[in-house]
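K.L.:
Below, each chain spelled out in residue letters.
There are 2 protein chains.
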Amino acid sequence: MLKLRRLATADADFEARFSQLLAFEGAQDAAIEASVARILEDVKRRGDAAVLDYTRQFDRLDAPSVAALELPKVRLTQALAGLDPDVHDALVVAADRVRAYHERQVLQSWTYTEPDGTVLGQQVTPLDRVGLYVPGGKAAYPSSVLMNAIPAKVAGVAELVMVVPTPGGVVNDLVLAAAAVCGVNRVFTIGGAQAVGALAYGTATIPQVDKIVGPGNAYVAAAKRRVFGVVGIDMVAGPSEILVICDGKTEPDWIAMDLFSQAEHDELAQSILLCPDAEFIDRVAVSMERLLEQMPRRKVITASLEGRGALIHVRDLEEAVALANRIAPEHLELSVAEPEFWAKKIRHAGAIFMGRNTCEALGDYCAGPNHVLPTSRTARFSSPLGVYDFQKRSSLIQVSPEGAHSLGRIAATLAYGEGLEAHAKSAEYRIPHR
Amino acid sequence: MLKLRRLATADADFEARFSQLLAFEGAQDAAIEASVARILEDVKRRGDAAVLDYTRQFDRLDAPSVAALELPKVRLTQALAGLDPDVHDALVVAADRVRAYHERQVLQSWTYTEPDGTVLGQQVTPLDRVGLYVPGGKAAYPSSVLMNAIPAKVAGVAELVMVVPTPGGVVNDLVLAAAAVCGVNRVFTIGGAQAVGALAYGTATIPQVDKIVGPGNAYVAAAKRRVFGVVGIDMVAGPSEILVICDGKTEPDWIAMDLFSQAEHDELAQSILLCPDAEFIDRVAVSMERLLEQMPRRKVITASLEGRGALIHVRDLEEAVALANRIAPEHLELSVAEPEFWAKKIRHAGAIFMGRNTCEALGDYCAGPNHVLPTSRTARFSSPLGVYDFQKRSSLIQVSPEGAHSLGRIAATLAYGEGLEAHAKSAEYRIPHR
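Just so you know, the sequences run in chain order A and B.
Using our numbering, the letters of the first sequence correspond one by one to residues 1 to 434.
Using our numbering, the letters of the second sequence correspond one by one to residues 1 to 434.
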C-alpha cells in the first residue's frame with residue numbers, strides 16, 4: 001500500500017506542511033569535500049600520473065598511460081553502427097530534433113551606430129573547448145550526451161572532450177554511439193574528481209577546457225564547484241522534480257505514470273500533483289496503487305513518492321498556478337484544457353509541458369528542448385541548458401571624435417567624483433582641443 | 001623611478017616570464033570562510049536580531065530595529081537634488097546611455113510550430129526580486145550602482161533591494177543619488193556577510209531575493225559564494241585588468257594614462273601593453289615616469305605596475321592578438337589604425353575598446369556598455385553583466401496528437417534503452433490507438 005502524502009490548501013495546517021514539503025537541503029559532505037580537494041590538488045600538481053593512479057584506485061583500470069585511456073574515434077562509430085536499428089534511428093531522430101530546436105537559440109553579434117558616429121554593440125563568440133562529463137555505470141544515459149553535446153556543437157565549440165568512467169573496463173555502447181551522433185571530438189575513459197581536475201587544469205595528455213558540463217555523483221559535483229572560476233561549469237543539479245497541474249479531465253493513469261516517471265529517477269526525486277478536483281485525486285491514487293506493481297523500478301518509485309511526493313487539492317487552477325510559482329519546479333505539466341492561457345501566468349519553471357498529450361518523457365528525449373533544467377527552486381533565477389551557455393559576449397565600443405568630446409566630459413566629471421584622477425585624465429586627453 | 005617589467009616575445013625566456021605574469025590565484029582565506037559561514041548560519045536562524053547584532057559590531061551602528069536601518073525613499077531623491085549640477089547631469093546622462101544600450105539586450109520569448117502542429121519555444125521572464133550589494137566607504141562608486149541596477153530594471157525586475165553599509169553612520173550621497181536615478185526600490189544600510197545572508201534567506205524585515213549582484217570585499221565575496229544555489233549570484237570578481245594593444249602611433253601619454261587608469265584601482269590590478277614598436281614602448285615608459293608624479297593615487301599605481309604590470313614587445317599585431325586571446329583580458333584597448341579588422345580576431349575579452357579615441361574610462365562610466373566584466377581569464381567562458389542576467393527562460397513544449405504519436409515511439413524506444421519503464425509507458429499512453 002503506497003503511503004501518499006495528501007494535502008489541501010483549505011486545511012488549517014497547509015502552509016506548514018507545504019513548507020516542509022519544499023524544504024530540501026543538499027548536504028555537503030565534509031569527507032567528500034576534503035577528498036575531492038586532495039584529488040584536485042594532486043591532479044594539478046602531478047597531471048597524468050595522478051590521473052592514472054586514481055583511475056587504477058577507483059575504476060580498477062590499470063593503464064600504461066593516459067593516452068591509452070583515450071578511445072579511438074572508430075570505437076564510437078562502431079558503437080553507433082552496432083546498435084539495434086530501432087534504437088539507432090530513435091537516437092538519430094532525437095539528435096536531429098534537439099539540434100533543430102537549439103539552432104534557434106544561437107546568439108548573434110550586434111552593433112549600432114549613434115548619430116555622432118560612435119559604434120556600440122556586442123561580439124558573440126563560442127567557447128574554444130568544452131569538457132563533457134558522462135557518468136559511468138547505471139546512471140549512464142545516452143540522452144544526456146545529446147542534451148549536453150548538441151548545444152555546444154551548435155554554438156560552434158571547436159573541441160568537445162568527453163570523459164566517462166568505465167569501472168572495471170565496462171563500456172556503455174549506447175553512450176559511445178550518442179557521442180558519435182553528436183560529433184564529440186575526443187573521449188577519455190576516466191571519471192570522478194580526477195577527470196574534472198584533468199579537464200580544469202589540463203595535463204600533458206588531456207587538454208585544458210574552458211567549461212565543464214554534465215551530471216555526476218557527489219564527488220563530481222563537489223569537484224565542479226571547486227574548479228568553478230578556473231573554468232565555467234553548468235548548474236550543479238539537485239534531485240529531479242515534476243509538478244503536474246491537472247484540471248481533473250486527463251486519464252488518471254496518464255497522470256499517475258507521469259508522476260512515476262519522475263519518481264523512478266531517484267529516491268530523492270519529487271513528484272507533486274495539484275488539482276482542484278478531489279475525486280480525481282482519489283482516482284489518480286487508485287491508478288498509482290494499481291500501476292506500481294508493473295514497474296521494474298517500483299522500489300525507487302515508492303521511496304521517492306512516500307518520501308517527497310504529494311497530491312494536493314487546490315481551490316482552483318488560479319491557486320495552483322500561484323503555488324507553482326512558489327515551487328518554481330524543474331518540470332511543470334499543464335494537463336489542462338487551456339494550457340496556453342495558464343502558461344502565460346507561470347513565472348518560474350524549467351520547462352512547461354502544455355496539454356494532456358505532452359508528458360515530460362517526450363521532453364526528456366526527443367521533443368527538442370533541453371532536458372538539463374534548473375532544479376531546487378533555481379528556476380527563479382536560471383534557465384535550461386542552451387546554446388547560450390556555450391557562447392559569450394564581448395562589449396564593443398568605438399567612440400567617434402565627437403563622442404570622445406561629449407563622453408569625455410561626462411566620464412571625467414564622474415571620475416573626479418569617485419576620486420579616480422587617472423580615469424578622468426585618460427578621458428580628457430581624448431577631448432579634441434579647439 | 002618606476003620599475004617596469006619589460007618583456008619581448010623574441011626573448012628565449014619569454015614563455016616562462018609570460019606564464020608567471022598571468023599566474024594569479026585568489027587565495028581563499030580559511031579564517032574569512034569560517035567567519036562568514038558562522039554569520040550566515042546565524043542570520044538564517046535569528047533573522048533581524050542577528051543582522052542588528054552584526055551591524056552594531058562591524059559598522060558601529062546601534063539601531064532599534066532593522067526597519068530603522070531602511071532609508072526612506074525621499075532620502076534618495078534628496079541626495080539627487082542636492083548634487084552639484086554638473087555631477088547631477090553627468091549621472092543622468094550616463095544612466096540614460098547605459099539604459100539605451102541595455103535595452104538592446106532584452107531577450108524575447110519565441111515559439112515555432114512544426115508541420116504536425118507541435119509548438120516549441122522558450123518563454124522569457126524577469127527575475128522577481130534582486131539584491132544589489134554596494135560597498136561602503138572608499139570603494140563606494142555611484143557608477144557601480146548604475147551598472148548593476150539599470151540592467152535589472154530594464155529586464156523588468158519588479159523589486160530591487162539595495163544594501164550599503166554605512167560604518168559609523170557615514171552615508172555616501174552620490175551612491176544614494178545614483179540609486180534614485182536607477183529606480184532602486186528599497187535601501188537598507190547594512191553590509192558584509194550579514195547583508196548577503198539577509199537577502200539570501202530573508203528576514204522578518206528584509207525580503208528574500210532571487211539573485212544578489214554587486215561588488216564587495218572578501219567577506220562579501222565569500223558570502224556570495226556560499227549562498228549560491230539558494231539565490232543566483234553574479235561573478236565573484238578578481239582584480240581588474242587592462243590589456244592595451246598599440247601599433248605605436250597613439251600619443252604615448254594617452255597610453256601611459258590608460259595603463260594608470262587601471263592601476264589606480266587596486267594594488268593587484270594588472271596593466272599590460274603589447275606593441276610591435278620597441279621605441280614607442282620606451283616613449284610610453286618615459287611618459288609614465290613623468291605623469292606618475294601628478295597622480296594622487298601614485299602609490300597604488302606604482303604598486304600595481306611594479307607588481308603585476310608589463311610592457312611587452314611583440315613581433316607584430318598578429319602576435320599581439322594571439323597573446324590577447326591567451327590572456328582573455330577584462331578590458332582590451334585596440335589603439336591601432338584598423339580596430340574593426342583586429343577586433344574580429346579577438347575571441348576572448350570582456351570589453352573591446354576600439355580605436356585611439358576609445359579609452360577604457362569612457363566605458364567605465366557612460367559609453368553605454370556595462371563595466372561589470374569577467375576578470376582573471378574568465379572571459380574565456382563568461383560575459384559582461386547584462387539584462388540577460390536578470391531574465392530567465394522556461395522551455396515551452398506543446399505536442400500535437402500527431403506529434404504524440406511520432407515522438408512517443410522515439411521516446412519510448414530510448415527510455416527502454418535506458419531502463420526507465422515509467423518514462424516509456426508515460427510516452428506510450430499518448431500514442432493514439434488506432
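Calculated directly from the structure, the hints in this document are not laboratory data.
In this text the structure is predicted, and so the values were computed from the model without any measurement.
Among the clues, some could well be false.
No copy labels: a pair is met if it fits in one copy or bridges any two.
To be verified - Pairs of lysine-lysine, BS3-like flavour, derived with a Cα cap of 27 Å:
#1 Lys153 - Lys344
#2 Lys249 - Lys3
#3 Lys345 - Lys299
#4 Lys73 - Lys249
#5 Lys299 - Lys344
#6 Lys299 - Lys73
K.L.:
Look at each hint and say if it fits the structure.
P.N.:
Hint-by-hint comparison with the structure:
1. Within a single copy, lysine 153 and lysine 344 get their C-alpha atoms only as close as 31 Å, which misses the 27 Å cut-off; across copies the closest is 21 Å, which meets it.
2. Taking the closest pair of Cα atoms, lysine 249 and lysine 3 come within 27 Å of each other only inside a single copy of the chain (24 Å); across copies the shortest separation is 78 Å, beyond that limit.
3. In this homomeric assembly, lysine 345 and lysine 299 never come within 27 Å of each other (Cα to Cα): the closest approach is 36 Å inside a single copy and 56 Å across copies.
4. Taking identical chains as interchangeable, the C-alpha atoms of lysine 73 and lysine 249 are never at most 27 Å apart, the minima being 51 Å within one chain and 50 Å between chains.
5. For the homomeric pair lysine 299 and lysine 344, neither the shortest alpha-carbon distance inside one copy (37 Å) nor that between copies (57 Å) is at most 27 Å.
6. Taking the shortest alpha-carbon separations for lysine 299 and lysine 73, neither the intra-copy value of 39 Å nor the inter-copy value of 57 Å comes in at or below 27 Å.
Of the numbered hints given earlier, the model fails hints 3, 4, 5, 6; all others are met.
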